[in-house]
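Chemist: Chains as they are written, first to last, in our numbering: chain A, 1 to 254; chain B, 1 to 217.
For the record, the hints were derived by calculation from the structure and aren't laboratory data.
This one's a predicted model, so the numbers in the text were calculated from it and none came from an experiment.
Do not rely on the hints blindly, as some may be mistaken.
[Unchecked claim] In silico EDC-like cross-links for lysine to aspartate or glutamate, where the CA-CA straight-line distance does not exceed 20 Å:
1. Lys-247/A x Glu-55/B
2. Lys-247/A x Asp-57/B
3. Lys-99/A x Asp-57/B
4. Lys-213/B x Glu-202/B
5. Lys-99/A x Glu-202/B
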Amino acid sequence: MKALRIHIRVILALVLRESRVRHGRSRAGYTWAIVEPVLQITILTLLFREFRGGTGGGTEFAIFFATGVLSFNMFKNTAGYVMHAFEQNRPLFNYPMVKPVDSVLARVLLDVATNLLIMFIVISFQVFVLGAPGPKHVPLMALPLFLLASMALGAGLSLAVIRRFLPSILNFYHIIMGPAFFVSCIFYSMSSIPTRYRELLAWNPLVHGIEGFRIGYFAEYSAPDVDLFYLFTWVAVLNCFGFVGEKLTRFRQQ
Amino acid sequence: MIELQNVSKTYPLRKGRRIILNGATITLPWKNIGILGRNGAGKSTLLRMIAGIEEPDGGIIRRSKTVSWPLGFRGSFHRDLSGLENVRFVARVYGQNTEEMIEKVRDFAELGQFYYEPLKSYSSGMGARLAFGVSMAVNFEVYLVDEIMAVGDARFKAKSKQAFMERLPHSRIVMVSHAMNNLREYCDTGLVVHEGKMTYYEDLEEAIQVYNKLNEE
């Protein structure tokens, strides 16, 4: 019990420290962490709407796109932030109660909370100001989001572990995450894709999280190929690899 | 106080491994202990393992007292955070009363307005004073010292030493040093580290003699 209390205390201290440090250069600090993606999503929404030729209902596309890009960003940002946890916090491991896993969990908590806040702001704005439809079934939205966050933890931790041996894995991650934006059903739905490509797309675990999120958000949203268990398998495998790998390769720490 | 059971520690080199400890078992009493050994014998590594910073490859280290980090350590301070914010983090991690500790360090480190400025604006002396103040603000039962005891100008050194001496009735010190005078000043007993083995001596002078013989070899 005492050990658990120490873990929680350390993780909270880390969350508070990281929230001050992460955007520390600017006085506005954490505010920018919110404003920046909100503006980014607004601009992207306008851009994509132009490309689509203005047809297909303005507000409808905006909220559709928002549900996609927000849940995608939650995964991408969190995983990308977590994978730097070890080297950016290395000096802190000189305090014996601060374990590498604590720094990883602190970063996941902080970034998931930040992304949820961004999500809340963007969706509220669209619903209350632009008159977009509100969320239909919140618990049903929460499960895919939870799985995406857990996968970000597993992926980020696994990458951090691999980086102990292979620093260039970072480049590999960026090479993958660039195109991932286009093959994760962010600005189109799975059902709008021809069947033979759909099977290919279904290999991407992010698709299931993002489309799953939409099933909860929109009434009568059809996404027959969504398989949350497939996403869960990724979550389990990545987390096992990450946590076990971290334990086994701790000797590479110093 | 500190119990090492069958502890081994090696470092991988390009060719082979360097052995620091090879299945060492020893129980260190709650006394002021000076650690002696030739350069590269693994004294600092041993200190870091006692602190819990580094894990042994095999074996167990048990501590029945609260052990500090090596004194004056300041690697954990963040450049963009103020002295106060850095202190707050350490207080939280160690479960200390945050406000109390912030005050203690403020009074001890004598940083004036700089206490509220980011660390990147500090001189190296200021950083060292803050680090020493933080070490003194947490009540450890064992203080670990790696060579450097006091920092700052003569006056601050005297103050640090006094603060430390006030601790000694309730705390003990484990110290690594090549300066025999330093060891004699603070320690009563000695631990000699040599070729993967540790030997404990109740009398520091005896340990110093053994150490001097090693140097003649």
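Chemist: All hints, please: hold or fail.
Modeler: Okay, the hints, checked on the actual structure:
A threshold of 20 Å between alpha carbons decides the hint, and for Lys-247/A with Glu-55/B the separation of about 12 Å falls inside it, so the pair holds. About 12 Å separates the Cα atoms of Lys-247/A and Asp-57/B, which keeps this hinted pair within 20 Å; it holds. Restraint check for Lys-99/A and Asp-57/B: satisfied, since their Cα atoms lie roughly 17 Å apart, inside the 20 Å limit. Distance hint between Lys-213/B and Glu-202/B is fulfilled; the C-alpha atoms sit about 18 Å from each other, no more than 20 Å.
Only pairs whose Cα atoms come within 20 Å are accepted, and Lys-99/A paired with Glu-202/B is rejected, the gap being roughly 35 Å.
Consistency with the previously given hints fails for number 5 only.
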